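Visitor: So the sequences go chain by chain: A and B. Letter by letter, the first sequence follows residues 1094 to 1207 in the working numbering. Letter by letter, the second sequence follows residues -5 to 105 in the working numbering.
Keep in mind that the hints were calculated from the coordinates and are not lab data. Treat the numbers as computed from the prediction; the structure is a model and nothing was measured. Virtual Cβ for every residue (Gly too), placed ideally from N, Cα, C. All the given hints hold, so there is nothing to weed out.
Here are the simulated DSSO-like cross-link-like pairs (lysine-lysine), alpha carbons at most 27 Å apart as the crow flies:
1) B/LYS(-3) <-> B/LYS92
2) B/LYS(-3) <-> A/LYS1150
3) B/LYS(-3) <-> A/LYS1148
4) B/LYS92 <-> A/LYS1150
5) B/LYS92 <-> A/LYS1164
6) A/LYS1096 <-> A/LYS1163
Covered stretches of chain A (in silico footprint by chain B; criterion: 3 or more residues with CB under 8 Å from a CB of chain B, positions within the stretch not fixed):
7) 1135 to 1144
8) 1196 to 1207
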Amino acid sequence: DVKVTQSSRYLVKRTGEKVFLECVQDMDHENMFWYRQDPGLGLRLIYFSYDVKMKEKGDIPEGYSVSREKKERFSLILESASTNQTSMYLCASSNSGSVGNEQFFGPGTRLTVL
Amino acid sequence: DAKTTQPTSMDCAEGRAANLPCNHSTISGNEYVYWYRQIHSQGPQYIIHGLKNNETNEMASLIITEDRKSSTLILPHATLRDTAVYYCIVRATFGNEKLTFGTGTRLTIIP
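So that you can see chain B by itself, here it is in the shape it has in the complex:
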C-alpha cells in the first residue's frame, strides 16, 4: 500500500471549515483513499473513502486531485466534537483487507 504524509497537528475555529491535507504521491491505480478519525479514548471511526471522484457524505467531503497524488478531507462546519486524530490511508481494493495507519493529524477545534 502507498505511503501517506499528513501534518502532525492543525487547529480550526469552531464553525469554520476544517481542511485536512494528505499527500500520497506513490498511489497506484487500484488504490482507494480512506479517512478515519479517532476521538480520545475511542476506537477509530470510518469517515469516507474515494478513488478519483470527489465524494461527500453526512460527515465530510473528500477532494482528490486529478493526478490522485493528494487529497483533502473537509469538515464543513467544525464542532468541538470533531477534535480528534484524523488518519489518511491508501489501500488497494480486492485481495487486500488490511489498513495501514500512520500517525495522522491531530485536529483541535478552538471554541
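One chain only, chain A, in its complex shape:
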C-alpha cells in the first residue's frame, strides 16, 4: 500500500522558533510537494521538488524553505515561525513520466504558532 507519512499530526510552536516538518514517501516517487490549507483558501502550493537537491518555488514560498537530501524525504522549514503560518500543512508525492501521475497525500500536520 502506497504511503506518505508526515512526522506529526499536531504541532504547537512559539513565534520566532525554527520549525521542521518532515515528509517521507515509500513509493520511490521523483516529485514531492508541500501545500498549506486554510479555510476559504483551499490548498496552496508552497514548494515542490522534481529530484534530490532540486526545488522550485510554488505560489506562496515566502517565509519557508525546503530541503531534499534523499529521494524519499522532503522537509519544510519555517526559519522563524509567525502566527500567520498557523495552518494545516500537507505533503504529497507523485511519479514522473506518466500522464495520470496523480499525487498521493499524507495525513497533514496541523501547526499552531502562538
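Following the hints, put chain B in place on chain A, whose structure we already have.
Guide: Chain B only, in chain A's frame:
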C-alpha cells in the same frame, strides 16, 4: 493552468447518484481534467482524470463535454462515506507536475 469554477456546496441523498459539475471554459488542448476529494481530517485523494473521452473507474465516472469547457463527476450510488470536499483541477501534461487546488465543492450525503 486553466481556472475552474465549482458550486460551493451540494447535498445528495444516500443511494442516489451524486453529480458534481465543473466549468473550465479556458481549458487548452493539452490540459487534462482531474478530480480529487478530501474527507474531513485527511489529505486529498485522487479520484479520476480525463482528456476528452468519458472515463470510469471503481470510484466514479467523469463526463467531459464535447467542447471540453465543462465536466461532471458522477458518484453512481453515494454513501455517507462520500461526504467530502471535491476538487476539480485542470492541468497541463508534460513539464508541469503542479496541481492548483481551488476551494472545491462540499458534498454532503444525506441519510
